[in-house]
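> Chain residues, written in single-letter form:
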Amino acid sequence: MIEIKNLTASVDGKEILKGINLTVKKGEVHAIMGPNGSGKSTLSKIIAGHPAYEVTGGEINYEINGKMTNILELDPAQRAQEGIFLGFQYPIEVPGVSNFTFLKESFNEICAHQGLDKMDDENFLKHLRSKLKVLEMNESFLERSVNEGFSGGEKKKNEILQMAILNPRLSLLDETDSGLDIDALKIVANGVNSLKSRFNATILVTHYQRLLDYIVPDYVHVLYKGKIIKSGDKSLALELEEKGYDWLIAGEK
Amino acid sequence: MDFETIEKISAQKDQGQTETLKRFHRQNLDRLSQNWPIKKTEEYKFTGLKSFFDEFENDQSSTKPVSLDSYLDHSFITVVCLNGEVQLPVELPLGLKMIISSEPTDQLAPESDLSHLHQAMRKNLLTIIIDKNTIVEKPIRLIYLSSTSSFEAPAMKIHLKSFAKASLVEEIQTPERRCCFVQQAMIEIEEGAKLEHLQVSKLGPTSLHLSQTTANVSKHGTYSNFLLNLTGRLNRKNLEINLLEAGAHGESYNLYLTSSNEHSDMQTVIHHKAADTTSNQLAKGILDGESKGIFTGKIFIHPKAQRVSSGQTNKNLLLSKKAQAHSQPQLEIFADDVKCSHGSTTGQLSDDEIFYFESRGIPAKKAKTLLAFGFALEIVSKITHPIIRKNIESVVMSCLKDKFQLEAR
Ligand SMILES: Nc1ncnc2c1ncn2[C@@H]1O[C@H](COP(=O)(O)OP(=O)(O)OP(=O)(O)O)[C@@H](O)[C@H]1O
Ligand SMILES: [Mg+2]
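Quick note, the sequences are listed as chains F and U, same order.
Take the first sequence: its position 82, counted from the start at 1, is 82 in my numbering, and no numbers get skipped.
The number in my numbering is simply the position in the second sequence, starting from 1, with 1000 added.
Any given hint could be a false lead.
Claimed, not checked - No more than 30 Å apart at the CA atoms, straight line, and that leaves these computed lysine-lysine pairs for BS3-like: (1) F/Lys-131 <-> F/Lys-186; (2) F/Lys-118 <-> U/Lys-1322; (3) U/Lys-1401 <-> F/Lys-126; (4) F/Lys-155 <-> U/Lys-1202; (5) F/Lys-25 <-> F/Lys-67; (6) U/Lys-1315 <-> U/Lys-1390; (7) U/Lys-1401 <-> U/Lys-1064; (8) U/Lys-1366 <-> F/Lys-131; (9) U/Lys-1157 <-> U/Lys-1132; (10) U/Lys-1161 <-> F/Lys-126; (11) U/Lys-1390 <-> F/Lys-131; (12) U/Lys-1365 <-> F/Lys-126; (13) F/Lys-18 <-> F/Lys-67; (14) U/Lys-1382 <-> F/Lys-14; (15) F/Lys-118 <-> F/Lys-26; (16) F/Lys-67 <-> F/Lys-126; (17) U/Lys-1365 <-> F/Lys-131; (18) F/Lys-118 <-> U/Lys-1390; (19) F/Lys-133 <-> F/Lys-67; (20) F/Lys-155 <-> U/Lys-1365; (21) U/Lys-1202 <-> U/Lys-1366; (22) U/Lys-1365 <-> F/Lys-118; (23) U/Lys-1273 <-> U/Lys-1219; (24) F/Lys-227 <-> F/Lys-25; (25) F/Lys-67 <-> U/Lys-1366; (26) F/Lys-155 <-> U/Lys-1382; (27) U/Lys-1339 <-> U/Lys-1219; (28) U/Lys-1339 <-> U/Lys-1165; (29) U/Lys-1219 <-> U/Lys-1050; (30) U/Lys-1298 <-> F/Lys-155; (31) U/Lys-1365 <-> U/Lys-1339; (32) U/Lys-1157 <-> F/Lys-67; (33) F/Lys-230 <-> F/Lys-25; (34) U/Lys-1366 <-> F/Lys-126; (35) U/Lys-1161 <-> U/Lys-1097; (36) F/Lys-234 <-> F/Lys-186; (37) U/Lys-1045 <-> U/Lys-1273; (38) F/Lys-118 <-> U/Lys-1401; (39) U/Lys-1008 <-> U/Lys-1097.
Since the hints were made in silico from the structure, they are not lab data.
Fair warning: this is a prediction, and the values are worked out from it, not measured in the lab.
Just chain U, with the same shape it has in the complex (with noise of 0.2 Å):
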């Protein structure tokens, strides 16, 4: 994908818009021109994006119907965005409502190159409001696909006003397909809100996702993210959370399986920038074949926020030699009285765990993906909802056996 190829998708994008959009599309074209290729720095040290950007081809001459009946689960409340254009469900419980702005030029992330290229192709935005003390029941189910090769830009904004509570989960799928999806998030939790977000990618094997999701947290709202890379050519994902008033909390909990080639990259960013505020974080990757995992965990601790605590947890689980796991905390600490803690760890599934497996007649393959099941229901164990803990476990199980029982040692 070359610069030009860049600038007909987003003609595409234009098509039908309004002018001012037309113009914020242009504006991020060119501030991405002045920088593209896009170079290489310390953020994506291990994940050149040229290289992945130079493998994609915008190729959307095949296109293959999408079954929806499959995602027709009433125990969440379902929005499906196919091809880029929101389908909103036909009734809502009170108390939560849905807009999609066709002039969306709001500022979701931080400016990178990434958000000017995701800009530069934005089609709408989807904001989420969740009224005062209003609990929703049933998780939020948000469903990206594409039905053919693209290039998708999906924005949306949840906003949780004081003493809401919500679950939301994001997927992206698009198996078979070769897809770019250059996506972002924005999340604001107001006093004493609570939101359960979990972002979770399988996509086909050529298919690229970069995500950049910024979460704000006010005085004793709880955010928490999880972060789950379960197939596709690369995954690099972005998270800021800031922390910004006493009693915020925020979690972040990753997974990331990666099998032949695959790379995922999270990179994800804690803010306290007040005192008495909390975080948690683990990260824990399976890895096999040829493929790369990496965790960097930033944590910053603003001058002023004393009395805080702060952990955070790299596991990796290595499959095959080859595959590489590379992990690195990072914590600036500017105020006296905190607590923060960090370890990391990369270990290999032990001859005496597998044979304990067999020797109760287990099979070998059977008996690696139990453990690595095992593994990762650590990062599973941490979400609450249980119909969503359900649901992830059963993609996690079906995801590990279709990914390492095939790949010999």
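Pulled out of the complex, with its shape left as it was, chain F reads as follows (with noise of 0.2 Å):
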């Protein structure tokens, strides 16, 4: 589904990414640790397209229409288009813009390019409220502006409604456990898990083990300056909860 390959990238002349290699396949959950700052979020945001972080060097390659293209030509709403989603580790704050119309705007957005008709306000609504339930959200969230005076964990739970709303083929969720109390880090992950397919994949990032006791991933990768400096099963991730980062950093340093 997407290939990550020798990408290196900075901004404002300073280099974060420093040679990722990383593949990911149809149906595959892969998960993305290493301390702070290690470029995990950059990695995230340069797939999406962020216009801030220039790309130096690499390939993504992403599998559209059954071939696989280097898509650091196509700007951000094209490769959302192509069903790429980032659930933001810091969701953005849109005054005087309701939920209702950002998420009909993009939902719209995307059926046009995949030759759909438009949804009608009422079914659309519809369409809505079954994804609110899953989320346990309630309706009063669709009128107020995008994550205007939303909570920590509010916020995280409104990326996975545009998440669930948008059915993405390949979702990078940056950290949507963070700030999440235990009864939503499951309502989230709940949701997560229904939309996951043969078709689609996940890269999550993430922290803490905790997300993926219920996510489980494929594959845990650990991110260290630019670089991954391990890959393995999800042992790795206990490994890691347990030890730490020092052990794997030890060599790097």
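Two chains, each in its own frame: build the complex with the hints.
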């Protein structure tokens, strides 16, 4: 589904990613862990196309219509229309634009790209209600401005609501678990799991094993100073939980 | 436009009028001639009227018929003013009266070069009276149109008797034409009466609109004014709200959307002349291209006006590097027990906001339009009449689409 080759990137001349290689296949769940500031969010934002980062080398190949295509030339909206979804570590507050409008506009853009008809407000609301229910979210969230005044946990739930509506092929969830209480974590994990299929893939960025108890990864990678320094299966996460990063980093320092 | 042109237009407006009105025109021309060309004063620091008038050509050679069909919306009480001629509706609800006087020598605005210019051209005066206790449910809509490039001086007076309630929308629409509108409006609000008043400018790219609006609010009366400068080469609006007695409340909401070389200048003055009066002001601008947006908000709290509360906010959103916003709050407080606040901000759309939209499949241009609309919505949401609010919402949205999608950053 996605193949990242030797990706290097910088911001304001400072190199942050220093040669990332990562392949994710359909149906897989990958977890990316690593100390603060190692480049996890940067990697996710670059896959989604954030303009602040300059890709200085390498490729990101992503499957579009059955063909692996280098997506570095596509703008962020085009990437989203092709099914790439980024769940933000820090969701943006957008005063003046209601959650309903935001969801409807993005849903319609993606439908239009896929050659599907737009949904009218009434049918879209029905569709929305079913997803709200899964996430145990109150309908009043639709009228409110996007993320404005939402609590930390509510913002994260709202990201997953967007994911549920847009039904992406590749989801990059950047610390979706942080800020969630124990019940909310279960609800969100349950939401993510219910969207999983043979045809899509998920990349989870997280610091904690807790999330991985609910969404079980096929692979776990450790990112450190812009490089993946270790990959393994789900047991690697357990090991990290127990021992921290020092034993891995020692060799890198 | 030189003084001879003004005299010529004034003479045209004289045709078929009474001697009294002709004399009125002449008097005002004389007063104007002493100050012509209009000099730059403090009030017009950012808006040199002379240069705008120099740009204006009075060319009536090309006439395009105006179709009124699109204005026949039965959810409004519609009054069309075409080429300066007011066409009243056949039927009006009980308690609502409209009168056209053809000898309109009333003083509707403070003396100034601008008022003399208006008064040298004024042809008639529309007076709207709403009887005591009458609630006019349907909004009144006054549309000023012109089928040729022309100079118009519309004048309107609305009087709400005690406890009357109404909503009034004045719209100037001159697409494709080069027009100059110099307008006056006077509002009288009696005890406990309430008026919501919108003044909407949708002008062609070479048209000018200058207006003076004066409102006097009595005991427990409420006057809410909305100045919406949507398009036009020049929109200069003067608004004065006089809060005369206890409980009087004034609101002023300004929205200006400017692009290319458009110039918007709003000057509002709120006089708290009595104790226990309140006011609220919010002005928002979205500026693109090389346009300019000026907001001057003056609040005067007179000596005996204790326990007054007044707030003023100005926010500007700049969409280009060359657009300019000027914000000038001016508070003069002569009483001691008052609550008065003001603030102004100027910002841009953040890349992170736009990226958030893009990451959900919404292209950047559309994202900017939605964000700009979100910014404008704070003003639109203050409109209380649901029919007007819905109408203005779509007008603002389509205006944003027209204007800002075209201009690259
Ligand atoms: N726009 C930016 N401007 C300057 N520096 C940046 C920018 N974005 C990221 N960085 C820097 O790049 C490095 C990697 O940041 P990133 O947010 O990707 O880390 P992270 O692995 O997600 O960390 P955390 O676990 O704390 O979320 C950090 O040192 C950060 O300060
Ligand atoms: Mg991060």
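> Output the numbers, in ascending order, of every earlier hint that fails for this structure.
Those not satisfied are hints 2, 4, 10, 14, 16, 19, 29, 30, 31, 32 and 39.
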